[in-house]
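Residue numbers (my numbering), protein chains in the order written: chain A, 1 to 137; chain B, 1 to 156.
Warning: the hint list may mix true and false statements.
In silico lysine-lysine, DSS-like type, Cα no more than 27 Å apart, as pairs [stated by the list, open to error]:
| no. | chain 1 | residue 1 | chain 2 | residue 2 |
| --- | --- | --- | --- | --- |
| 1 | B | Lys85 | A | Lys42 |
| 2 | A | Lys42 | B | Lys5 |
| 3 | B | Lys5 | B | Lys117 |
| 4 | B | Lys85 | B | Lys117 |
| 5 | B | Lys85 | B | Lys74 |
To give an idea of the chain B side of the interface with chain A (calculated C-beta under 8 Å), a few residues [claimed, not checked]:
| no. | residue |
| --- | --- |
| 6 | Glu33 |
| 7 | Leu72 |
| 8 | Lys74 |
| 9 | Pro75 |
| 10 | Val79 |
| 11 | Ile124 |
| 12 | Glu125 |
| 13 | Arg129 |
| 14 | Asn133 |
| 15 | Arg146 |
Read the hints as simulated data drawn from the structure, not as lab findings. Since we're looking at a predicted model, the values are computed, not measured. Ideal placement from N, C-alpha and C gives every residue a C-beta, glycine not left out.
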Amino acid sequence: MQILTWNEGLNIGIDVIDAQHRTIADNLNRLARVRHEGGGSKELEQVFEQTADYALFHFGFEEELLEEAGYELLSSHRRAHAVFVDRVRELQDRFRAGENTSEALHALLADWLFNHIRHEDRAYVDTVRAYMAGPRS
Amino acid sequence: MAILKWSAELDTGIEVIDGQHRRIVDYVNQLHEARERGDAEAVGEVIESTVEYTLSHFAFEESLMEDAGYPLSKPHKKVHELFVKRVADLRMRFRAGEDISGELHGLLSRWLFNHIKNDDHDYIESVKRNMLNLTRETHEGGWLSRSLGRFFGGRH
């Protein structure tokens, strides 16, 4: 499991979103570290829980923002989030049932997330920036 | 579970907000201590105080953001709502006799830390600018007291 180093290419230019994405990357790295250090299942379960939790909060924030901004691809963006959440929950359930799915979670985070940031999230930047800059009622 | 120590990266520079955040950290640490002592009654009391205080803090903060015309106040409010739902679920399980204090402590400490660092920090500029405007027009004590009174009664 690789440690992820944040790079400028992962910033989409909306500060609070970039901060939340960096936190998800930190969670990913914590998962790798706990696994590498031979952390027990209780500790792994905690990191799993916190990783999943934070992603949910981030998605909630982002979806609300996209809705406010009138982003035209909101429903497909929401669907992409929902697919990810389902996958994480499945890995969590299997983990609780005794299967060590921490590596699969790490891989999911690393692949899905960073593609999602680089493509789907980047796609909304102009709309959101226009919304943030414009007049609001 | 560890005692949470305040760190500089949690400061927003908005005194009233930093005061409320520090109070929440105190509650989180009280929860940890009650748990360490095995004092179930104290755990229950601290959970209630923490939840009540955090709700008031959120309402106060949301009001500050909206008054300031901070563009991301609705998404910010959304994460408050999601957090409140999570905590309400844990409180329900606690009342049903389940020991969720560890889970609650974990949620409070980690979520709070990230929320302050990422989300609260983003509104600083808008809110500070608005507060400056307000203190130019009205006496600071008057405006602040009214706002605090609205959400905290005598408990701020």
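Taking the hints in turn, this is what the structure says about them:
no. : hint                 : verdict
1   : B:Lys85 <-> A:Lys42  : holds (24 Å)
2   : A:Lys42 <-> B:Lys5   : holds (24 Å)
3   : B:Lys5 <-> B:Lys117  : holds (14 Å)
4   : B:Lys85 <-> B:Lys117 : holds (21 Å)
5   : B:Lys85 <-> B:Lys74  : holds (16 Å)
6   : Glu33                : violated (20 Å)
7   : Leu72                : holds (6 Å)
8   : Lys74                : holds (5 Å)
9   : Pro75                : holds (4 Å)
10  : Val79                : holds (5 Å)
11  : Ile124               : violated (11 Å)
12  : Glu125               : violated (10 Å)
13  : Arg129               : violated (15 Å)
14  : Asn133               : violated (17 Å)
15  : Arg146               : violated (24 Å)
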